[in-house]
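Trainee: Take the given structure of chain A and dock chain B to it, following the hints.
Protein chains in written order, with the working numbering: chain A, 1 to 149; chain B, 1001 to 1205.
Check each hint, because a few of them may be wrong.
[Unchecked claim] Rough simulated footprint, nothing fancy, chain A against chain B, three-plus residues with beta-carbon under 8 Å:
# : segment
1 : 1041-1054
2 : 1076-1082
3 : 1181-1191
Since the hints were derived computationally from the structure, they do not count as laboratory data. Where a beta carbon is used, it is the ideal one built from N, C-alpha and C, also for glycine.
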Amino acid sequence: MSSRTKHLVAALLAVVVATLTASVAKAQSPTLPNDTLRRVCYNMQMEYKQNCMSGICVIVGDSEQLTGGLVNEFGVAILNFVYDRTKDKMKLTHVMKPLAKWYIKRTLKRDLRQIMHVIESGGNEYFNSRRNINYTFNIMNDDATQTTD
Amino acid sequence: MRRLLGITLLVMLLPLSLCAQTSQQNILQKLNAAVAKISTLQCDFVQTKHMKMLNDDIVARGIMVYKASDKLRWEYTSPYTYTFILNGTKVYLSKAGRNNVVDIKKNKMFGEIAHIMMNSVVGNCLTDTKNYKVTVAETSTEWVATLVPKKSTLKQMFNKVVVHFSKSNSIIQKVEMHEKNGDNTVIQLKNIRLNKTVGANVFKN
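Okay, chain A solo, but in the shape it has when bound:
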């Protein structure tokens, strides 16, 4: 095989591998609901100092607006939010009492807005360096995620 052919084969292989990697990454990376994907569920974890709060985050919506809820594993509501994608505005509509202090709500609102950006760009982790809070959102499998009919 000539060196030219070897280079061509190597280039073709690289393209195939890159395509496969991208499609696998796309399948596994978190995503937000859109006009064809109505609902997405995430395993959520929030770490602050030595404390850790975990739960489930359900987000429903479309390309314009998302409505989400965080609950712990027992189903107790932690918070609900509405995110306007067109205006990039986050609103907390309900926060459980222990977290309903104005300074906590302000931090959560800002962090959730950033988390939407992170998930939209394919990431699953956000770190608030000012407050030292680490958030992880991992997509949950199968029937928890629904497509539109």
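Mentor: Structure of chain B alone, referenced to chain A:
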């Protein structure tokens, strides 16, 4: 004349209200007697959380093991894995390889959640008049106990807890937890096995 009519009505209605109270007490006595006989309880459960604002449900499945009077293993198997073990005053939590231990004496809210879960799925909450106002209703197949929390820490979480007992065996079939924001969680117990031997390892981390 009106006065006489009023007194007559009062005299007629008084026995009715007394009857209703007696009937409630009888039902509660029956249920408490059945609950007192439970030394262990094992079952599968289906937990459906309805989120009012999203108009959407999260359904989770798992297994529960209870041993009188202070041991509970509550394990979610699908769609997430999460284990909650109450053993005396300690709560062991396990999720995705991460383990935590909480002392419920030091963490009041956690203690409240742990005891709500244990008492409501077994039925011990019926006698907890210090923390709940209990009323009982009857249908053709069920007794339905409604518990309204009295304590502020419980009130923060729930408006009311509704427990459904089967009339055929006086065992809990379903628990509904109604939250202030309009959400509710329904836990359906299935495949219930009573008073079988349960090893101590079940309640260890």
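Trainee: So, for every hint listed, does it hold in this structure?
Mentor: Cross-check of the supplied hints:
| no. | hint | in the structure |
| --- | --- | --- |
| 1 | 1041-1054 | holds (count 5) |
| 2 | 1076-1082 | holds (count 4) |
| 3 | 1181-1191 | holds (count 3) |
Violated hints: none; the structure is consistent with every hint.
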